[in-house]
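Enquirer: Make a model of the complete structure from these sequences and hints.
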Amino acid sequence: MAEQSRSPENPTRRRFLGYLIAAPTLAVGVTWAAGGLGEDAAEAAIPSPPQPEDLFDLGDLQNLAALPTSGLIAVQVNEDGTASFALHRCEVGQGITTTVAMLIAEELDLPVEKINVTLSDARPELLMNQLTGGSNSVRSIYTPVRTASAIARQQLVRTAAARWGVPENEVATRDGVLSHKSGRTATYGSLATAAASDRTIQVTVDLKAAADFRVLGKPHNRIDARDIVTGRKQFGMDLRVPDAKPCMVRRPPTINGTVRTVHNMAEVKAMPGITDVAVVTYGVAVRGETFGQCIDALRALEVDWRPGTVAGESDATVLAKLKKAQLPMAVPPLGSISVDAEFTFAFASNAPLEPDNAIADVRSDRAEIWSTLKVPIDAQQDIARQLGLPQDKVVVHVVPGGGSFGRHLFHDVAAEAAEISQKMGKPVKLSWSRTDDFRQGRTHPMSVSKVRATYLLGNVLTYEQRHASTETDFSHGLGEMITSTAAELPIAGNYSFAQTVFLLSQSVPYNFGVVTQLLNEIPLKFNTGSMRNIYSPNVVTAMELVVDRLAAKMRKDPVAFRREFLKDKRLRAVLDKAVEVGQWGRTMPKGTAQGIALHAEYRGAVAMLLEIDCRPEIVNRPIEHGVTGPRVTKATIVVDAGLPLNPRGLEAQMIGCLNDGIALALTSSLHIKDGIPLEGSWDDYFYTRQWNTPPEVEVVVLPPTSDTPSGAGELGVAPAFAATACAYARATGTMPTSFPINHGTLGFEPFPLQPSTPQSPTDGLDHTF
Amino acid sequence: MPQHTFTLNGTQVTVEVADDVRLLWVLRDILGVMGPKYGCGLNVCKSCTSHINGKAFNPCAVPVSQIKESDEITTIEGLPATVGRELHPMQEAWLEEDVSQCGYCQPGQIMAAVALVRKVREEGRAITDDDLDGLRNICRCGTYQRIRTAIKKGESRM
Ligand code: FES
Ligand code: FES
Chain A
1 MAEQSRSPEN
11 PTRRRFLGYL
21 IAAPTLAVGV
31 TWAAGGLGED
41 AAEAAIPSPP
51 QPEDLFDLGD
61 LQNLAALPTS
71 GLIAVQVNED
81 GTASFALHRC
91 EVGQGITTTV
101 AMLIAEELDL
111 PVEKINVTLS
121 DARPELLMNQ
131 LTGGSNSVRS
141 IYTPVRTASA
151 IARQQLVRTA
161 AARWGVPENE
171 VATRDGVLSH
181 KSGRTATYGS
191 LATAAASDRT
201 IQVTVDLKAA
211 ADFRVLGKPH
221 NRIDARDIVT
231 GRKQFGMDLR
241 VPDAKPCMVR
251 RPPTINGTVR
261 TVHNMAEVKA
271 MPGITDVAVV
281 TYGVAVRGET
291 FGQCIDALRA
301 LEVDWRPGTV
311 AGESDATVLA
321 KLKKAQLPMA
331 VPPLGSISVD
341 AEFTFAFASN
351 APLEPDNAIA
361 DVRSDRAEIW
371 STLKVPIDAQ
381 QDIARQLGLP
391 QDKVVVHVVP
401 GGGSFGRHLF
411 HDVAAEAAEI
421 SQKMGKPVKL
431 SWSRTDDFRQ
441 GRTHPMSVSK
451 VRATYLLGNV
461 LTYEQRHAST
471 ETDFSHGLGE
481 MITSTAAELP
491 IAGNYSFAQT
501 VFLLSQSVPY
511 NFGVVTQLLN
521 EIPLKFNTGS
531 MRNIYSPNVV
541 TAMELVVDRL
551 AAKMRKDPVA
561 FRREFLKDKR
571 LRAVLDKAVE
581 VGQWGRTMPK
591 GTAQGIALHA
601 EYRGAVAMLL
611 EIDCRPEIVN
621 RPIEHGVTGP
631 RVTKATIVVD
641 AGLPLNPRGL
651 EAQMIGCLND
661 GIALALTSSL
671 HIKDGIPLEG
681 SWDDYFYTRQ
691 WNTPPEVEVV
701 VLPPTSDTPS
711 GAGELGVAPA
721 FAATACAYAR
731 ATGTMPTSFP
741 INHGTLGFEP
751 FPLQPSTPQS
761 PTDGLDHTF
Chain B
1 MPQHTFTLNG
11 TQVTVEVADD
21 VRLLWVLRDI
31 LGVMGPKYGC
41 GLNVCKSCTS
51 HINGKAFNPC
61 AVPVSQIKES
71 DEITTIEGLP
81 ATVGRELHPM
91 QEAWLEEDVS
101 QCGYCQPGQI
111 MAAVALVRKV
121 REEGRAITDD
131 DLDGLRNICR
141 CGTYQRIRTA
151 IKKGESRM
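Residue numbers (full-length UniProt numbering), protein chains in the order written: chain A, 1 to 769; chain B, 1 to 158.
In short, the hints are calculated from the structure, not lab data.
Where a beta carbon is used, it is the ideal one built from N, C-alpha and C, also for glycine.
No false leads were mixed into what you were given.
Sample of chain A residues with no beta-carbon within 12 Å of chain B, all distances over it, derived:
hint, residue
1, E168
2, D175
3, S179
4, K181
5, S182
6, R199
7, P253
8, R306
9, A311
10, A384
11, L389
12, V395
13, A552
14, Q583
15, G585
16, S706
Reference excerpt, derived from the structure (chain A facing chain B, CB under 8 Å, subset only):
hint, residue
17, M237
18, D238
19, P272
20, E289
21, P352
22, P355
23, R434
24, S681
25, S760
26, P761
27, D763
Expert: Shown next, in the form of structure tokens:
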């Protein structure tokens, strides 16, 4: 491939602005974020006027809020020829660090392997720009990171040109080396100091056109893969902070219960390995030499509890409240020309595999925290307030997480670690137990979606959806963004934040005449939070099941029907591709069927065509302590991610979304009984396992359809859930109305509620293989 | 305090700790070997999977007193040395297939995969889809499909 030689003054391109920062080696900061905004309003082939999500989605809102402060991020070139970048986002498995390394590699002409991406500490000056969520990371970083990298390259070129006495446009760069046709060469490392600026000055630069990309758009493996497979990648609990000893908490038998009395504090403190015991807001903390001894100690505590915030609530009481809270439909039921359906979605857990954990070292005049935090500034503010310290005396380090799925938008565990460290006067390494994570951790709350659609003479006249949910907590700081940018939103009225998120993330992609989708929330004090793809999985599943029902009533094939009513050409394209690759309509045995579903969000579009097997021999496969049931046997996923930056990572995200959607449809839920979930481990909370997952999966990444990337980390959950549900309905001849479909039967013996963490087994050696 | 001696990743170690402390905590909290992860402590999630005398087991469910002096414990850190290479073929397959997402489950997945290949070899056969279906390790990021492909690739090179 030809070496890269770019004119710095190409008038046909947009120029981007940044700063050379005064520093010992070359450093470039960016003050101006561009791109990602208002790329296209959906073309809105009326009869249905565009809904808010079509005009302006949640990611756009976050991009807008990111504008004034993006400039403070910096790319640095080091003397060893590497480049560094402290990313103001959190890596939790979505691959953001790999994508960012690719962005830098592209514009800097440096191999990906030479780029170190670390996670930035909480930086209050970045305001809401330091938030990982809503699948917006890549979308809002895309232009600023490339700009900083391009300026760094330009400065290296200028430095070499000056040194060699040649015109800048004769200096080429490739793989971290500058060269001139005269044969002179220099490595980036050798010029890193010479290229540094002694004062901060403003410069402008051109960015590469997408057509010239050499790194972006090509599959790239994860930059942390080797550390992962060798066990070297460090998660929170793997960090060694002096004297931060293991710590766990005995917790109440209801959500948010509190301690009335502890009868044997002194006795427990004297147990082997235990150093401290302290009463905290939601339980009793123990600190010791090993986590195993902490488990022994917390189990030995004798505690009387006060009831928690939802002590009287169970699945049935919440469901009754939701049904009562349902907003009315505008159109009356019209018998033979309407489809009416109501769907219930059980509580679901966003717990990752790594239990919530944090290290805290709180002193009288300062504090230091290590945790996986997607909104670290919010955590820093809250923890400072809680500890009675000035915000700048609380250092918050962001640690890569073993998954997130919404859990790390909140800093519950970091705040608790800080409280414990302050009370004990010692550093602590706090881990929630697996059971704590399911029973006291945040949940995606139960919701009920009611749909009514009417049709006449081959047209759908109205589509109404009323979604009632238990309150979802968005207090992680997004609220500030909304208040500061609300005026610019093309929506009228006084929406609550949840309603705003709902409206911005939902839309009906079909020409269904008069369309309304409304949310109502009931204020129940469960610990809630967003889960991957927020409202979409439930809302879209209800919609796609009704779409199949409408198609059947109007005697049309589900694919032909969708094609006829779709308003978006990108959705039509992914649908057509999925139909072709997944062989829609192929003959299948009785008890098995295909299902198809579509979803557009975060400026991306996905179609999933799944096949399910609901025959008794599959449903009743015996697996010890395992849930079987129907199995999705094959999946075809077609994704249009706008400008796919790393197709390999995108494919991985789609596979992850697929397994999430299957779990939500078939097996994974929390059963609430008397104020607490019964689930205590992974054989209870039944996320997809190897025996549930389709052996055959094909992901098709469509070529670029845009010059900006879409969000991808969550995009596939809704269509996977919906396609599984639609396939199930077609295979069994019954439309499921309650999810997951096995929620009605409790497939496990719950761990006792007290002590709150079960003892570890001792028979491990009987189960070797 | 009782002493416990065993071989860990090729080196003999002795620890002083109460008998009933599960081996996972001895490895992580006392010996600082962080490859085996805590995901449940209940022998369910399998993220702590390691090897005892070449067989897969879950140290969260084994009190340290049950480990004999002659026992050889291998964690992900010690896996490459069992084949005298920088990376075990299963780890290489994992890299080629770009299996990992967050990575938390992956040390356990790889250790389980290696043990599974050895087990079916002893039975004189190759890994089947049913064998793969039988792996209990949770991956909450849902990397199952790439795990299946990588295991087959790793098997062919072991
Ligand atoms: S931590 Fe050992 S099986 Fe889960
Ligand atoms: S890669 Fe995250 S749990 Fe498996």
